[in-house]
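Enquirer: Each chain, letter by letter, is given below.
2 protein chains.
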Amino acid sequence: MNLLAVGSVALDSVKTPFGEVSEVLGGSATYFATAASYFTRVGIVAVVGADFPKEHVTFLKTRPIDLEGLAVTDGRTFRWRGEYGYQLNEARTLETQLNVFQQFNPQLPPDYRTAELVFLANIDPDLQLEVLKQTRSPELVALDTMNFWIDGKREALLKVLGKVNIVIVNDGEARQLVQEVNLVKVGREILKLGPKILIIKRGEYGALLFTRDAIFSAPAYPLETVFDPTGAGDSFAGGFMGHLARTKDFGMSNLRQAVILGSVMASYCVEAFSLERFRTLHSEEILGRYREFKRMTHFEEL
Amino acid sequence: MNLLAVGSVALDSVKTPFGEVSEVLGGSATYFATAASYFTRVGIVAVVGADFPKEHVTFLKTRPIDLEGLAVTDGRTFRWRGEYGYQLNEARTLETQLNVFQQFNPQLPPDYRTAELVFLANIDPDLQLEVLKQTRSPELVALDTMNFWIDGKREALLKVLGKVNIVIVNDGEARQLVQEVNLVKVGREILKLGPKILIIKRGEYGALLFTRDAIFSAPAYPLETVFDPTGAGDSFAGGFMGHLARTKDFGMSNLRQAVILGSVMASYCVEAFSLERFRTLHSEEILGRYREFKRMTHFEEL
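For the protein sequence lines, the chains are X and E, in the order given.
Residues in the first sequence are numbered from 4 upward in steps of one, following our numbering.
Residues in the second sequence are numbered from 4 upward in steps of one, following our numbering.
This is chain X alone, in the form it adopts within the complex (with noise of 0.2 Å):
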């Protein structure tokens, strides 16, 4: 397997100024990897609970989705429940059930073990290098992380970071972990602490991609209608390495060609609730805003 993702899949309810939904497909694996299954095959790490619906389980089949990883157990699946005001910039947690999470022990099966590329989503580090351990030296890791993690985890995060390629983070997380808040000082600083390549993703700014040497700025697609927020940074994050997975090409070109893929697939998520949009998106539709990316930020030289 060329890819492969370990964090969360989750049932969430959502408000959102336009509507509310009720446990709902969620979770960081589940956005990541069906972003990227439009571009590579691609294996989820993750637990549930007896009670996650078969539907789901049909859904990501649907879709090159490699779900050995996906360990049943006893117990109730992962819930989130969360809202968004006007602005849609950031989610307010009402409650956050663990449940089989809690005792999440990634074991990676045999055939993953030999992935190229290597997502790990927003979990415990601890969790994060225990799945590292277990990989036979991948071309390339990503990871992201949360202000949790970055407060009450700091060295065990600092441990990860001193083994991944790839760190993608918002931009509250990018300050938060290196105490600044200029952008250009946070991206040099965070690219001390061992990875090449830093993604900040602003929402609706678009994201920012930093390497020793050069800065690359990317747009946010302009939506007419955000429906809901969730998973939006996973899902480019899915598009990002989806594109890093096909291609197999690590160059600057090539990344930022992956950084617009990824604004495309979280563009595409924020559209409808949960993964809804994802069912019925086609590679041509990504492609065609890709082509409007283009469009949309060129200019001469002078």
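Since the hints were made in silico from the structure, they are not lab data.
Among these hints, one or two may not hold up.
Which copy is meant is left open, because identical chains are indistinguishable; a pair holds if it fits in one copy or across any two.
Simulated pairs of lysine to aspartate or glutamate, EDC-like, Cα-Cα distance not exceeding 16 Å [to be verified]:
(1) K188 x E227
(2) K188 x E207
(3) K166 x E142
(4) K199 x E287
(5) K195 x D216
Fit chain E to the supplied structure of chain X, relying on the hints for placement.
Expert: Quick look at chain E alone, frame taken from chain X:
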């Protein structure tokens, strides 16, 4: 004359996390004209008091700026005092002394009346209308405004909007103008009010240009040291309008280049207090940063 700007010439007292200055040169017309003067000759229509320091007049005269329209009247010059927090995104106004600006009655010298491009900086929409009456069918008129006029002088503002070609405002003002959060809808609604072109400035997130059938998205230059954001928006407008006045090409490709040049001028503006950075800025630096914008945003077709 090619380009004329009506607005304020002021003495600013500004405090940022990086320092503090008292009664330094400021004002919308000042920032606009100084930035535009790198591209074309520009005339100022504004008023100052008898106390306005001669050194500021001397500085403005070192640039291709025409001061025939700068009235000097009895009384004190317009003064503004404000401060910025670490986020540097929004000024907190601590004091506004209108002084001679209160009786500002813009009079265009005969030479100014045939200006081909006109910039109406953020002043009372009734005064913006008065200025337009004194011009002889300019080719392109751009307008800036603010929450104070959107709330308090809506009718007069809508009247001016029906007579201008370009609106240049920040995202908060744009949203307030048409009572809508989503920027794509905001763009469409504002273009219905008359202007053919809308530019939404988003500070550290760049700028969006809307026409009836296209959107252009430009990032801001990622600066390591942002010293003082005062005047960034007017410097943007100055670079934008200056380039258009110099090239007399109002096609989409040239408008995009003008937006990038506006962003370049804004990025230099914020590197120092007041207009200090413009005292040393050379044209080659502008071209160099334009090229960096190109490198920073470029990606290949798939």
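Enquirer: With reference to the structure, classify each hint as holding or not holding.
Expert: Tested hints:
1. In this assembly of identical chains, K188 and E227 lie within 16 Å of each other by CA distance solely across copies; the values are 6 Å between and 33 Å within a copy.
2. Taking the closest pair of Cα atoms, K188 and E207 come within 16 Å of each other only across two copies (14 Å); inside a single copy the shortest separation is 22 Å, beyond that limit.
3. For the homomeric pair K166 and E142, the shortest alpha-carbon distance inside one copy (12 Å) is at most 16 Å, but the shortest distance between copies (59 Å) is not.
4. With identical chains, the CA atoms of K199 and E287 are never at most 16 Å apart, being 32 Å at best within one copy and 32 Å at best between copies.
5. With identical chains, the CA atoms of K195 and D216 are at most 16 Å apart within one copy only, with a shortest distance of 13 Å there and 44 Å across copies.
In summary, the one numbered hint that this structure violates is 4.
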